[in-house]
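Engineer: Modelling step: build the complete structure from the supplied sequences, incorporating the hints.
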Amino acid sequence: MAKAKKIFYCTACGYETSGWLGRCPNCQAWNSFEEQTVSSPDAASKGKAGVSQGWLTTLLEEDESAGAVQNLEDVDSSQAKHYPSGISEFDRVLGGGFVPGSLVLVGGDPGIGKSTLLLQACAATRADRSVLYICGEESPQQVKIRAERLGIIGSRIKVSTEVIFEKLAHIINQLKPSLCVVDSIQTIYSEQSSSAPGSVSQVRDVSAGFLRLAKSLGTTIILVGHVTKDGSLAGPRILEHMVDTVLYFEGDRFSSLRLIRAVKNRFGATNEIGLFEMEERGLIPVANASETLLESRPQAVAGSALSVIVEGTRPLIIEIQALLNPSAYPTAMRMAQGLDRNRVSMLMALLEKQFGMNLSNMDAFINVVSGLKADDPATDLALLAAITSSFRGTPLKDRLLLCGEVGLTGEIRPVTRLAERLAEANQLGFKTILLPGSAQRSAAKLKLKPETEIIFVDTIREALDICW
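Residue numbers (the working numbering): 52 to 519.
If you are wondering where the hints come from, they were derived from the structure by calculation, not from laboratory data.
Incorrect hints may have been included.
[Stated by the list, open to error] What follows is a list of derived Cβ distance ranges for each label pair:
1) Gln388 to Ser206: 41 to 49 Å
2) Thr343 to Glu502: 20 to 28 Å
3) Arg197 to Ser411: 50 to 58 Å
4) Pro135 to Asp426: 49 to 57 Å
5) Ser129 to Thr460: 21 to 29 Å
6) Glu502 to Met397: 30 to 38 Å
7) Arg317 to Asp125: 16 to 24 Å
8) Ala470 to Gly137: 29 to 37 Å
9) Thr212 to Gly73: 38 to 46 Å
10) Gln388 to Thr212: 38 to 46 Å
[As the list claims (entries may be wrong)] Calculated pairs, SDA-like style, for lysine to any residue (alpha carbon to alpha carbon, straight line, at most 20 Å):
11) Lys424 to Lys448
12) Lys448 to Glu513
13) Lys404 to Phe442
14) Lys424 to Val337
15) Lys404 to Arg385
16) Lys209 to Gln193
17) Lys448 to Arg348
18) Lys498 to Gly480
19) Lys209 to Ile196
20) Lys482 to Thr445
21) Lys209 to Pro151
22) Lys56 to Ser69
23) Lys195 to Ser206
24) Lys315 to Phe300
25) Lys57 to Gly70
26) Lys424 to Ser341
27) Lys482 to Gly461
28) Lys218 to Ile196
Each residue gets a CB set at the ideal place from its N, CA and C atoms; glycine is no exception.
Structural biologist: This is how it looks when you write it as C-alpha cells:
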C-alpha cells in the first residue's frame, strides 16, 4: 500500500528535503521551497525516475544489446545520422537535422511561435517517416484549424490529446514514430506520482520516462517547455542536463522576426541561431540574415555603427545604436539592450580617460537592433564609435564596418574567425572595414572586392580619427 509523506522541494532546481529551508543548498535560491504531499508506490512498479516503467524495462530486456559492453570502435553509428527536418534554418540550429533517439527541449515565451514551427516541422519531414503530435494544451480540432491556416495537410501526422504518461508510453511503443512532439511537457503527468501536473517532480520524472523511450525506440522526441517570468525554462534545472539539445525562441512578439538559439547541442554547434519571419502561413526561414537585419537601417544618422559577430557557424552584420542625453539626476543612467551593461560602462569610462569626454553626467541608452544579443567582444570598437558619434552629433562614414576588441589601455585586440567575418562583409559590399593591426597577415590571404578598403588600426584614437 502506498504511503503518503510530506516533503519540501525547491521550485528552482528540484532539490528535495524533509523540512523547509530558507535557502536551497543546491542552487542557492532564496525562499524557493514549497510543501508537497507525495505517495510512494510499490518498488516493483516504480522506476528509478519515479515513473511507472514496467513495459519500458521489458522492452529493454528484449534487446540483447541493451546491457552489453562494447568496444567504442565496434559501435554502429550508421543509424544515428542526422536526417533533415525539412526546414533549413531549423536544421542549421539542430546541427544538420534530427538525430534518431535524441531528446530535444524547446522553450520560449507564450505566443512566440513554438507550436507553429514544430507543426511545420512535422509536416515537412519525409513522407516515409511517421509523426506523432501530442497536444496537451489543445484539442484535435484546434490543431486542425492551425494546420489549415498554415496550409498543412496532416495525413501523416497522428494527433493525441492524452496527458497520462503511462498511456502515452504505450501509444508511442505501438506506433514507433520517427518524430514525436510533446506540447507541452508541463501538461503530462504520471499516475504513479501524487504531485500536480507541471510540478518539479512530475516534470523531472516524466522527462526521464521520455528519455528512456527515445533511446530505446530510436524516436526523436521534442519537448516543448514553458518559461518563467525571467525567461528561463520552467521546471528543474536537471531537465536541461538530461536532454540532448536545448533550443530557445527569442524575439519580440510585436515584431515579425524570430530567432532560435541552441544553448546546448550534443550533435552540433552551440550558440547557433536560426532566423525566421512570422507570416500568415507560418514561420518562414530567412536565408540571408544580415541583409534582413539591415534592410530598414536609416542612413547618415548619429549614434549608429555596424559590426560583425559570429553566432555558432554564422557571421551576422549587426547595428549598434547609442543615444546620449544630459542626465536630470545626480547619477546618470546606463541602459543596454543586447549588450552587457557592465561592459558598456567600462568602455564609456575608457572614452572619458582617453579623450576627456564628460560622460559621467550623460544618460546612455545602447541597443542592438532587431532584439539580438551580442556577447562577442568584436563589437567593442563599433560600440565606442556609436557612443562617440552620438556625443558629437555627427554620423560615421557611409558603409563603414568596425570589428575589434578593445582593451582597457585603448589598444585594439584581434578577433577570432576573421575570414568568416570578412567574407560576410565582402558579400554585402562594405566600402571601409576597420580591423586590428594584428590581423594584417590573416586578411592578406583573403580575396575581397577591389572597392573594399581595409584599414588596420592599433589604438582607439587611430580608429576614431578614421570614422569621420
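Engineer: Determine which of the earlier numbered hints do not hold for this structure and return their numbers in increasing order.
Structural biologist: 4, 5, 11, 27 and 28
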